[in-house]
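Novice: Chain by chain, the residues:
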Amino acid sequence: MSTRTLAELADELGGTLVGDGSVVIRGVAGIREAQPGDITFIANSRYDGYLQETQASAVICSQEDRASSVPLLKVDNPYLAFQKVVRLFRPELYKPMPGVHSTAVVSPAARIGEGASIGPHCVIESGARVGSNTVLMAGCYIGVQAVVGAECLLYPNVTVREECQLGDRCILHPGVVVGADGFGFALDAGRYHKIPQVGIVLIGSDVEIGANTTIDRATTDATRIGNGTKIDNLVQIGHNVVIGEHCIIVAQVGISGSSHLEDYVVVGGQAGIIGHIRIGKGAQVGGQAGVSKSLPPGATVWGTPANPLNLVKRINAYLQRLPQLFERAKRLEARVEKLEQEKKETVG
Amino acid sequence: MSTRTLAELADELGGTLVGDGSVVIRGVAGIREAQPGDITFIANSRYDGYLQETQASAVICSQEDRASSVPLLKVDNPYLAFQKVVRLFRPELYKPMPGVHSTAVVSPAARIGEGASIGPHCVIESGARVGSNTVLMAGCYIGVQAVVGAECLLYPNVTVREECQLGDRCILHPGVVVGADGFGFALDAGRYHKIPQVGIVLIGSDVEIGANTTIDRATTDATRIGNGTKIDNLVQIGHNVVIGEHCIIVAQVGISGSSHLEDYVVVGGQAGIIGHIRIGKGAQVGGQAGVSKSLPPGATVWGTPANPLNLVKRINAYLQRLPQLFERAKRLEARVEKLEQEKKETVG
Amino acid sequence: MSTRTLAELADELGGTLVGDGSVVIRGVAGIREAQPGDITFIANSRYDGYLQETQASAVICSQEDRASSVPLLKVDNPYLAFQKVVRLFRPELYKPMPGVHSTAVVSPAARIGEGASIGPHCVIESGARVGSNTVLMAGCYIGVQAVVGAECLLYPNVTVREECQLGDRCILHPGVVVGADGFGFALDAGRYHKIPQVGIVLIGSDVEIGANTTIDRATTDATRIGNGTKIDNLVQIGHNVVIGEHCIIVAQVGISGSSHLEDYVVVGGQAGIIGHIRIGKGAQVGGQAGVSKSLPPGATVWGTPANPLNLVKRINAYLQRLPQLFERAKRLEARVEKLEQEKKETVG
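Chains as they are written, first to last, in the working numbering: chain B, 1 to 348; chain E, 349 to 696; chain L, 697 to 1044.
Please note: incorrect hints may appear among the correct ones.
[Unchecked claim] Now the in silico label distances, taken between C-beta atoms and shown as ranges:
1. Ser990(L) / Pro108(B): 57 to 65 angstroms
2. Thr996(L) / Tyr666(E): 17 to 25 angstroms
3. Thr699(L) / Asp188(B): 44 to 52 angstroms
Derived by calculation from the structure, the hints in this document are not laboratory data.
Here the structure is a predicted model, which is why all the values come from computation and not from measurement.
Even glycine gets a Cβ: it sits at the ideal position worked out from N, Cα and C.
Turn these sequences into a full structure, and let the hints steer you where they fit.
Specialist: Right, dumping it as structure tokens:
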């Protein structure tokens, strides 16, 4: 465990120091649980209130002006700076030993890279390849001819089915399933017949996949996840979906078969995307939205069926006043009725 | 297996007997499949129809008046009474033997309590502790320095990651994941950088967690689940969420990072709760609702965005009549047009 | 691997050939990745554009007229024909060997059928039965007295809890949980008491269940899934639900306790069905719908709360114009105000 002065840290992180640079930092913690000697961070001005209460010896924050009795280390991206100080002060709690655990079942026709760690009760089938320095924790299954790249981390009970491929530095959380059959059936004479799913899943590098998320293999060809895309827990990605690079898919999202998300798309939690559509680069889909049509690049949508966010907000605001509108219509009808009545009498 | 007369059961359950107390009860079953000798229950008056058809020898029900040819045992809480008779008449089908299965991999630096049962292919890492009489079924994983309390029951393939803690008498169903990384990334120069998630998950006692539910570890500090809270299947609980005591979280709910549910909150199936908000004590969130703002204690909300239930119901009712409202507006416009026309002619 | 002429294939599939029947087919692939010698298919006229680009030697398609330089094999059901050619040209990549793997833990009181394959680290408890030619891949758990029929395929890490039963030819994808406790609690004196879930799950034959889907056991009696029903990933099926034959349940659907789906019901992704209702034969529930009332046979619904699809579409169209309707109401009020004013002046 290393220690740094605040001035040294400011230098390493490229930040501006407000306060005493000689303070010694020995650890890192959240703003509420930090102790003297710790550095902490606030990523969001809504947490500025904690500045007065924290026991931390310094606080990483954004460049805006803030009143603080604690020394501040101002940076452009507090989250990023926090990530760096965590790596500095918190070494890995647990780094599994390289090698194959005695209870793992590894086919002699599988290839395990140098420095890889294959945990207890893992199963690696014939023709599968695991890259160098990759860690498979307990109970992972790697199917026939599947490929896991280098420096990946697969948490316990991950399943990667046959022929699927992961790039390098991917993180798969517990219970992830890569390459289950896509959901395809042909109805004939009152029964559903299974369409064989003979494609694969191709995952790029630096992809993270959350716990119990499922990514189905393609009918033919491949379901694809681009480099740097991050997927949260319990997400469903259907067969032949293509997701670009650096997308963010929040928990419990469902993406139906053959849809295509371009790069930098962000999909909010529990949103659903219908099959066979295209979501343009950088589009943002709100939580619980139901997207049933293709979206142009940069679109921001919400609601079911999804519409531009501003329109949805406006309609939602009007909806609150819908009961009053019915009242107004009723009153208008009475007033018009009266005018018409008077008219008749006048004419009469 | 014990037998009781109905009079003895009425005594044990604190209920009122309507009918012959000398009837002998030997078992318990649902109202449709019960056989003579069985006691059954109806928790809901909508099932009163089955009273005429059941072959059960007695029926547990609520205190209201009911016509029945079968003896009735009236209690304040039929569900609770049913729970007690099941415990009486149905001994556990299967009670695993205490001890560590020969195929389990338990670190010598782990501590296993007296009477605990560690099933086949479990993995318990260094520094982990499992409490007395706790049962871990096949394939469970308990990470470094994690703690499982006493008398817990972990079904097959549960993952509890490093440093997370469960209280006593918790039930975790198959595939539960406790302590996967929270979903946090800092965008810098077009790439997402992982924010290390160095907090933990702290779960109280008497908590039940449904199959394949995921509870993420905190960025720093802890994601917390209070005593007595019950969580259904496929629920997602984000990092740094705090859930109070005796909450009910129905299947497929998603709770985003840093939100706080006070005690006795009930969240209906598939509802979503945005991050960084507070749900007051006893609030009820309807199924599929999308809660985007903090709620006061006792609130009852529905819809996306969530609003008070009565308002939502009223708006939904008006919505059904929206096409007619457009018709009415059109007719009104015609009538006003006619009045204006006549006015002009009169004036002209 | 077999080869066929296109004429032979047309004969086997009962299709009509348009083009050269002597072409030799050696493989099968998707339309974009097919190479010369491959047959491919288009199931949907939206993909007709690929007809001009494909390198395939023949294309299976529906009976409509199409311009194509590639030989066409026209059939009534292209998906079904594709399924047949895949079975012809793609032998199984991996057929596990019959027998019990040395690392599996099988109770001496379990019965394993002839030709069954029990993979590494499987656990089969006392009294359980596995049918002939069934394959259990790595890490599956079959509980006490549970029954898996013949010719089933259970992918890795599937859990089937005690006493639950599967018919023949079922496919369970990785992480499926059959028979976890239903979610039932009785509130008494401020605490929730668990209602024992002593029923089972009864699954018919030819049922497919997607990755990480959960099907809860009944409180008493059985949760039932009928023959030929297909369930996608991450679906939640509550206790005592009854699903008929040949239903389609798309990903992330939730079906609450005691609801009954008749045969041939189709439920779109992320839809929710409240408890204790009945969905009539052949009803179709749209994606993300929230069904809170029973539906008659053949109903087609969408939205939350769910309503007939045509009504929902009409209301959604009007909703887009709601801001304008408020405008129209305001203008009408001004016009009526003016008429009333003039009236007064006239009378005055």
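Novice: With reference to the structure, classify each hint as holding or not holding.
Specialist: Status of the hints after comparison with the structure:
Ser990(L) and Pro108(B) have their C-beta atoms about 58 angstroms apart, which keeps the hinted 57 to 65 angstroms range intact. Look at Thr996(L) against Tyr666(E): about 23 angstroms separates their beta carbons, and that is inside 17 to 25 angstroms. Between Thr699(L) and Asp188(B) the CB atoms are about 26 angstroms apart, so this pair departs from the stated range of 44 to 52 angstroms.
Violated hints amount to a single one, hint 3; each of the other numbered hints is respected by the structure.
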